[in-house]
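Residue numbers (the working numbering), protein chains in the order written: chain A, 1 to 170; chain B, 1001 to 1475; chain C, 2001 to 2123.
Treat the hints loosely; a few may be bogus.
Unchecked claim - Okay, derived cross-link-like pairs now, EDC-like style, lysine to aspartate or glutamate, Cα gap no bigger than 16 Å in a straight line:
id, chain 1, residue 1, chain 2, residue 2
1, A, K165, C, E2118
2, A, K166, B, E1346
3, A, K166, B, D1146
4, A, K166, C, E2118
5, B, K1096, B, E1346
6, B, K1155, B, D1098
Stated by the list, open to error - Just a few of them, taken from the derived set where beta-carbon distance is under 8 Å, the chain B residues facing chain A:
id, residue
7, V1016
8, T1058
9, V1138
10, I1276
11, L1277
12, T1382
13, F1386
Hint data in this document are derived by calculation from the structure and do not stem from the laboratory. Heads up, the beta-carbon is just placed ideally off N, CA and C, and yes, glycines get one too.
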Amino acid sequence: MISQLFFGYFAAVIIILSLLVVTRKNPVHSVMWMLLMFFHIAGMYLFLNAEFIAAIQVIVYAGAILVLFLFVVLLLNLREELQTNRFIGSWPAGLVIAASLLLSMIAALRSFVPGPSGPYTIALIEKETHTRVLGQVLYTEYLFPFEIASLILLVAIIGAIVLAKKKVRS
Amino acid sequence: MQPVMPDLGPVFPETVLTVLALVLLLADLVIKRKETIGLLSIISVTAVAYLLAGSLGTTFGGMFISDGYSIFFKLIFILNVILTVLISVKYIQIEKIDYGEYYSLILFATLGMMLMASAGDLIILYLGLELMALSTYVLAGFMRRDVKSNEAAMKYFLLGAFASAFLLYGTSLIYGLTGTTDLKAISSYIAGHGLAGNPVLMLSLIMFAVAFSFKIAAAPFHMWAPDVYEGAPTSITAFMSVGPKAAGFAVLGRVFLTAFGSVRTEWVLILIPVAILTMGVGNIVALSQTNIKRMLAYSSIAHAGYALLGIISGTADGLSSVMLYMFAYAFMNMGAFAVIIMLRSEGFRGDNINDYEGLAKTHPVPAVLMTIFMFSLTGIPTTVGFMGKFYVFMSAVEAGYMWVVIIAVIFSAISAYFYLRIIMYMWMREPKEAVELTTSPAIGLALLITATAVIGFGILPSSILTFARLAITGF
Amino acid sequence: MPGTFTPSAYLPILIFLVVATAFGIGALLIGELFRLKRPYPEKLMPYESGNEPVGEPRIRFSVRFYIIAMLFVVFDVEAVFLYPWAVVFDRVGFFAFIEMIIFIIILLVGYVYAWKKEAFVWD
């Protein structure tokens, strides 16, 4: 019961905060609301018995990625940004499409049948700790995706330098 | 549980490509002449192509599948790299973007495509797609001083991220429904648990269709294509119009026919309107274009629509016709872009359709080549474009979609107008101003390869068709 | 399934969060309620009895910050992957060691590349 209450709280607040993020005129305010949203997502992960992911959410998202966002926002011309509209003229059309997508999702999810649950029960994760279980799966079963992830990170480094670095011409 | 060493044989070509791409990235730091890096990247992918034949097998618990289907697509990707590098070498010097990262990023993007073609698991599919997409976003924005190039990168990135979100949402729904991300396991679970009519499954099908439609630039998710194709460096436009599209079709074929094979009747209902809309939008909007890169963007959208017919027919013949189509498209589109790149010279953009006026009088050889490629894109017999269309339409007719094929043929006839207009401009108009061509041995080689292939495979398609049919045995 | 698990070990953190938030809001609220409010123009200036401020308080940051932040994110994510690896090292053993070496080598190439491109130099 109590955990369902918390789940409801997190779900509702995340939606409200996301709306605040996209509707604020000042991008710095958007980023700040996003910070709060990241913490709520971390809380949600805790209630899904994924404490390592919750920690990552705080370290990587609230820590590193938010700093990146803030720097990018500060690259903008804030004065111009404050005068432009948040949404393009055809936003009602977007709203209609998004709303119909939401409605069809709600309609569809009524007939959701959960698939088989895996070997990782709550008791097992409690006993083993989440980090250990995650590590065990990641470094045996999912080692191939793990290595591809390093290539994606590498491309991110190259991309940032190619696009933003003043060229070193010797 | 002690982990067992996975069989690395099937991923050997990808491993070699990774190592070579990393070496090239570091080589860029010491090599001053960037043409050398271009040459090295061609050598690298050729080595990888040589290794592909010995890589058959499945590894990492079914996550990575190297079969005939994936090898065929990987050969298209490698061909794409070779032709792109050949047409790039001179062009990127003119645009002053001759940096070594250009070639490394092309190789990383290709690695992503190869992973997509071989993905037996939705997680690998996603990671391969992201690797490909991230590299391509950067390549699209490679001309940092050019506003249009920046716009192209930004637009491609934002909409690409949006499409990735759909892919992830679809994946999470499927995972919740079936408890697995393995394509074969999803298929057997759907069949075994009678999920065929489940709305959640339908929702996830739609999500996948949206994500893949974006990658292959199918309407109504094609909006990014014209702006990105126009703004990106022309060589990268050529690269994007062939590689990511073929990769998109590779995953579309594998996911829809393997994982969702048992609910074919459902996804056909999604894909038929998409295909018709794509052909319509692509061919009709192309009529009014004045920029040749934009025109080819709409043409590329239209071609995605034709190729979708092969997926819709859902048979082995349909799948092999899609493979043939992508193969044909690689040659004819690369050839057309090679001619466009030749028109770009110092101080002259050469991407307006008017720039082609009277080209036959001033430069007959490029005009003849462009005529061949335009004929092929139209689908006129004795070119490979005709063969591609012919087999795709045949497979759809055999699968009972006669009416869709009739619509496709009508749109194909409309498309003749804008392709033949270029030919008309080249041969029947007087040149307005002297157009300077930028030639190099590399681009000459690219034109030789593409023109020979367009005519050669157009007259004798049986070898490649046999190869495609052989490749999908056991799919 | 949501709502089947309660992370009871995190109760102290929840209490801490509630107290911290209440303290922050409460302090501001009490100050607002009880302090004297007699504003005059000099008092409202950013630097009372200092220099007059010139120009915008917000300046546009250099794009160099972006590279720094991006590299930070990338290597932060790399470090994150090391945690579960270190925790299960005793079980997965030498095998995981090789995996992690490959992972680090790939990113090391990126590091060398960034270094040689003078991404760490503030020119």
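For each hint, the structure was consulted:
no. : hint              : verdict
1   : A/K165 x C/E2118  : holds, 9 Å
2   : A/K166 x B/E1346  : violated, 23 Å
3   : A/K166 x B/D1146  : holds, 15 Å
4   : A/K166 x C/E2118  : holds, 9 Å
5   : B/K1096 x B/E1346 : holds, 10 Å
6   : B/K1155 x B/D1098 : violated, 23 Å
7   : V1016             : violated, 14 Å
8   : T1058             : violated, 12 Å
9   : V1138             : holds, 4 Å
10  : I1276             : violated, 20 Å
11  : L1277             : violated, 16 Å
12  : T1382             : violated, 42 Å
13  : F1386             : violated, 38 Å
When held up to the earlier numbered hints, the structure conflicts with 2, 6, 7, 8, 10, 11, 12 and 13 and fits the remainder.
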